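What follows is the residue order along each chain.
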Amino acid sequence: MSKPKFAMYWAASCGGCEIAVLNIHEKILDVDAAFEVVFWPVAMDAKYKDVEAMADGEITLCLFNGGMRNDENEHIAHLLRKKSKIMVAFGSCACEGCIPGLANFSPIKEIIDTAFTTITTDNPENIRPQSSFTMPEGIITIPTLNPVLKTLGQTVDVDYFMPGCPPESHQIEAVVGLVIAALNGKAELPPKGATIGAGTTTVCDDCPRKRNLKTIKEFGRIQLMKADPELCLLEQGIPCNGPATRNGCNARCPSAGAQCIGCYGPAEGVVDYGARLISAFASVIDSNKPDEIDKILDGLVDPAGQFYRFNLAGSLLRSSKYAQKG
Amino acid sequence: MTEESKPFEPVIIGFTCNWCSYRAADMAGTARMKYAPNIRLIRLMCSGRLDPTFVFKAFAGGADAVLISGCHPGDCHYVEQNYKAMRRFHLLKRVLVQMGIEPGRLKLLWASAAEGAIFAAEINKFTEEVRALGPLNWAQPGEQVSTPIMEEVTA
Amino acid sequence: MQRITIDPITRLEGHGKIEIFLNEQGNVTNTYFQIPELRGFERFCVGRPVEEMPLLTNRICGVCPEAHHMAAAKAADAVYKVEVPRTGKMLRELLYSAFYATDHTTHFYALGGPDFIMGPDAPVAERNILGVIHKVGLEIGGKVIQMRKFGHTVVEMIGGRKVHPCTSIPGGLTKGITEEQRKEIEQMGRWAIEFAQFSLQAFNDIVLGNKTYVDLILGDIYTHKTYYMGMVDEKNKVNFYDGKVRVVGPDGKEYVKYEPKDYAAHIAEHVEPWTYLKFPYLKNVGWKGFVDGPESGVYMATPLSRLNASDGMATPLAQAEYEKFYSTLGGKPVHQRLAIHWARLIELLYAAERWVELATDPEITSPNFHAIPTAVPSEGVGIVEAPRGTLTHHYWTDERGVVTKVNLIVGTTNNYAPITMSIKKAAENLIKKGNVNEGLLNMVEMAFRAYDPCFGCATHSLPGRMPLEITIHDAQGNPINNLKQFCD
Amino acid sequence: MSERIGVYICHCGTNIAGIVDVADVSKWAGEKLEDNGVVISRDYKFMCSSLGQELIQKDIKEKNLTRVVVAACSPHLHEKTFRNASKGAGLNPYLCELVSIREQDSWVHTDKVAATQKAKAIVSGGVARVMHHEALEPLRVPIHPATLVVGGGIAGIQAALEIADAGFQVYLVEREPSIGGHMAQFDKTFPTLDCSACILTPKMVDVGNHANITLLTWSEVMKVDGYVGNFAVTIKKKPRYIKTEDCTGCGICWEKCPKKVVDNVFEAGMGNRKAVYVPFPQAVPKYPVIDDVNCTYYLKGTCKACEKFCPTNAIDFNQKPEEITVEVGNIILATGYDLFDARRIPQYGYGKLANVYTSLEFERLCNAAGPTGGNIVLRDGKTPPKTVGIVHCVGSRDKNYNGYCSAICCMQSLKFAHLVRERTGAEVYNFYIDIRTPSKGYEEFYQRLLEEGTRFVRGKVAEITSMARVPEEEGKLIIQVEDTLIGKQRRIPVDMVVLSAGIQSRHDSKEVAKLFGISCSADNWFIERHPKLDPVATMTEGIYIAGCVQGPKDIPASVSQGAAAAARVLGKIQQKEIALEPVRATINQDQCSGCRICNNMCPFNAILFHEDNMVSEVNPALCQGCGTCVAGCPAGAISGTGFSNEQVLSQIDGLLLLNISRMAVPVES
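Chains as they are written, first to last, in the numbering used here: chain A, 1 to 326; chain B, 327 to 481; chain C, 482 to 969; chain D, 970 to 1638.
None of these hints come from the bench; they were simulated from the model.
Given the structure is predicted, the values throughout are model-derived calculations rather than measurements.
Any given hint might turn out to be false.
Now the stretches of chain B that chain A is said to cover, found in silico as 3 or more residues with beta-carbon under 8 angstroms [to be verified]:
| no. | region |
| --- | --- |
| 1 | 373-379 |
| 2 | 403-411 |
| 3 | 416-427 |
Beta carbons are placed, not taken as given, at the ideal position from N, Cα and C, and that holds for glycine.
Chain A on its own, in the form it takes in the complex (with noise of 0.2 angstroms):
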């Protein structure tokens, strides 16, 4: 019988998925064995009609990549689940939107806006980029930008999520042996909806330093300080996102002495990231005094920004009322 069809499609996304699996070294090799990839971009020769011609559900395993900027990729991501058992999130911008996610801070018109008003940007004119635009030669177009980004779950029934910026690539390697395992019947599969290649609890489960009760009486600025690099960098002072972030990357950043900045999202459960942060934050803050707690949080120069880094776009909120109203 013919091997299960492998696919992996790249959204809105930097290309840190891809290089994370390209990471994985020889163990690609297992998936070539295992699988027969049947569209891969980055990789391999292969068209989206292609696709199209294929049956529903032929593809066995689809890792998608990215998050849904433009009408393209939502276009792909429908066509992609459509054709595929296994859909999985595959990093933080299908999963949670990432740091491309922040754009929904604000309208996408500004966000066009400022990338054409540099001070470099030569614009006498004031051109703004047209999905479709009549030159002298005839039409042509390029696609349209979503008014703010969404996350695959917010755009297709998505199977399993697989977080990281990018997944670890010991994580990769686990994921896909698992799944191999379990096309061999040696393994079962985690229930629907599962997050995949991570922990159940949060970074500091896995960070190597010290740490004591809690209480914060000033928030700092990791360049600002010499900080201990023993000691819990939050206790610190230093805004650490490690406490809610899902563990699974073995608490890269903070053992490397930076913060960390939540690349893998919410811990297994949570509702909202950013609230969790918000109310963990404020509930060490050492003080009861009006005053001085604004005083405290002035220390902390962007919350909504630290809080909702990787996951404004997956948040309750999911954007600011700027951005909606375009």
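Place chains B, C and D on chain A using the hints.
Positioned in the frame of chain A, the structure of chains B, C and D alone reads:
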């Protein structure tokens, strides 16, 4: 939506603590004090239980405003948990502002079990303030905005 | 009128798309190369603390996040007017050199190399890394994987993560390296030097040994006499991490050399309504459209440009190769795009040498890798050489160091105009009187790949991997011919 | 939909039905909420009536309901009623939810349409919420029969005796060498003027001899672990340097002790004691203590006079502090008050002008056992005063010091006035703001003073000075006051001034409160559970308060509160075990990353951190169920029974009717 004729009727979700503000609401009731019907109360054990998720959920779900209420500072049934609620409120407010939600749509109210009158008055005041702000109509990409329950119910 | 659509990954997947229009005679009147995506970093980085820029702008491109990480960190340093301690600078450059070696290796063996090693006419099925392995020998595959592993190991040791490093902050880094790590890094570096030499040898034997390839390189199809940009140190030697930006004219003479902070006085970006990407050009020469020559502000920023724009390499082995390069290709500047591949290998060798140089510096393990900024943050520019061109980050902040304005000129963007020109030129050369040469795809594709375009920032195409399709329409717009071809 | 929900809308006569169209609400719930599991929806005149309850019970049995929502009055009124009804029908009481459409709807709104709509939303919220209720059982913990009483003043003594007499073990901890408290320092007690010692001493003796009372004087509580019914209290016994088992209290040691020390505690600085001493003759226990700060042996290394003369070799200079731990089920705090420090009001001259006395000093002055043997004389020790000024409200009812009324000063001042006249015949002026005599026999006492000819000047004293302006003021203390009754300034020369200083919370009350996990008011009085209905309990289960620790009060009030606290404790002891509401937080060990953010979020110290496996855990018996940690856990690893995220989030959905318009966030395709 409300027609031109009718004024905009905001929907407000109010969180109360079991010991002070909910009892204040009870007292307003037993004293037959009248206030605007726009608020729907949820009873928590303590304002410290107020998870910002609840607030986001309410706004995203179509509420035009949210009230958080608890015991006066120093009077918390659980010693000092209302201070934690206060700290969270301060931070939450900053986030909401960045999300484009007017600060006037989130209110923190301290009310003792004895302050039914104050509770009622504050709800009326808040309702008018929100009415002035107009509907929030939180839009979800790819979703119908779910708005006040009026037509839901009368339908 | 005929219309040809070259759709890299078809319109609906669209990550870059080429339109070729023919006149009634069936000759090319115009070509359009469109970039369909915009993510708006310039807007949404506003409001974020400047120390986060190296982490946020990382996500512009997963292929060259290290480049964005470095440019952002340098811009943030400048915002705080803080001088990074020597060890800090060296650590950053060490990470960066390892990244360069990895990136160039990937491109040469998996993407660009096959064209030459297998030959441009070899069947598609063979023009890939596997073909290379068959021709050059099995161990090469292992070596390539080894090289990538080593590179990533160093990036992770210093940068904290394999992809999207996290340790650079205003004033330096969040961590240093231990003596054990240093030893390991040095060993890997020495291995990398051998690997680079081996690669150059392979190129020498297979490509330079083969007249058809040499002719192809020297041929006119891929020649544009443009300006060339690259970063140089105080001795005008190539440097990836730090220095001044130097531009030489089509005649090879220095046109300008400027401090990063002055970039805006020299670079401007032209806008077209049919694409989301802008076309940078030399402001003081001016935008004259998609043409070359001293009158046109179009410039190129690639390994070849860097060699053209410099007076040599800062390391001995690479310097020797540099001299050989120009003597073989008939002196500076070299205008032939396909020579970029060779230049890339010379840079690979330089990167490996620099790697060892830094790994053996006595101060590299010093704990003095960060200086706490004291000045009030305001504005700063950071420039590095990304493998695919000069990368510029420019931030403005308020007194708290919160970003208020951002300008980015991304590596590949520099080459947007030249690539468009190469496409047009290839098309003109190969489409005559309406009949389309079967080699068109191949040639266009090779033009592409030479630039190693990383539209990861916008198109997400991995370097050079450009599946192409051409649909040729007759005057009525009916498809009359369909050509397909892929790069591996 | 696996759950089967019954909805019951109460008319409450016309209380609800008068405004809310209950029939419509009931019909609406039956139809619109069908998809939410509602299988039956009824309305009834009085749900809380036995018929109403039977209605619910019948449905539970016949329609196999798994959840019940009652829309009626406030849960604070009838939650128990309907929970019990459900229980009666075999449904776990916690699967019944009472939502209020009376206090929160019909009683506060006039617009019938809006009120009916709101009622629907409230019912919808209840239905959405009840879906996520779990069957719960109350937590039962045993009560240890022993009790700890902290503070050996009259309140503590009363409480200890009540409990001990009932046959239960009491540990009475007092930090001074003897019990007795302030009352032991007084001479007479108002209004009856019976001698303080005469009524107090017998009680003190009872305590000393009581088989069920372990008296721990010269001791302090260091640590309190555990929770209601099961406290473990660590007590530090300071060294007395006396072997109490050998000491007979004969008193030879303090006779022979060469070192005199000013007694600032019991004698309020009016008299001396020795370095080895009992604070006063009737002290209980009778054993002395050696004050190692002043004892010559500890200062110079020689002396030991006491040791030489002690007939029973009871002196032991090598005693060390000792810590003991006792297990108790309940704790009564009766740690008393401090006297307001009159030095804080410089214009009254206390400490500068010799013949300005504080109330406590004056008590010692007229006490027969006091330094002057009860003779009221000036500081020179012989001259009796001819005129005495008594200033009320010193440090009380004054924003600059204590805003509250100290409750005892008026009566105390009247008592002083009476004693002065009785013993010296001197002219007495009372300077008051208002005279407050609210208790039994107090007003009569005031009238008596008026008849005795004591002078009353209504006005707050501005200044007390020795600066004479006219000859007749020479050598006198002049009291500058505005007589508000005649509306003019007066300067009244007197020989002696008594400052009726107010009472205030103990200087260390904050630390003590923290130690026992209870809270203080702004004035640092301990906060009672309810100012009217529960003035002896605190918010912390198992900890009670008695006497001035709760706020200023006189002796009768302190005694009654001591007895009341004892009664409460005895009640608990009789129950043998206590049932705690199962509203509790629990930490999912598999999801806890040990970030420790929750650790100091709990004022009841219910959250402990296990260093070994680096996770936190909630002690269910200590947890009070406020849910602050549930809301605060960054990992979402803490869940709260009774008020879980699912319950609240679905209630929000319900209130916004999203459970009808949209079951879940839909997906386009």
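Next on the checklist: Of the numbered hints stated earlier in the document, which are not met by this structure?
Outcome noted: Per hint list: zero violations.
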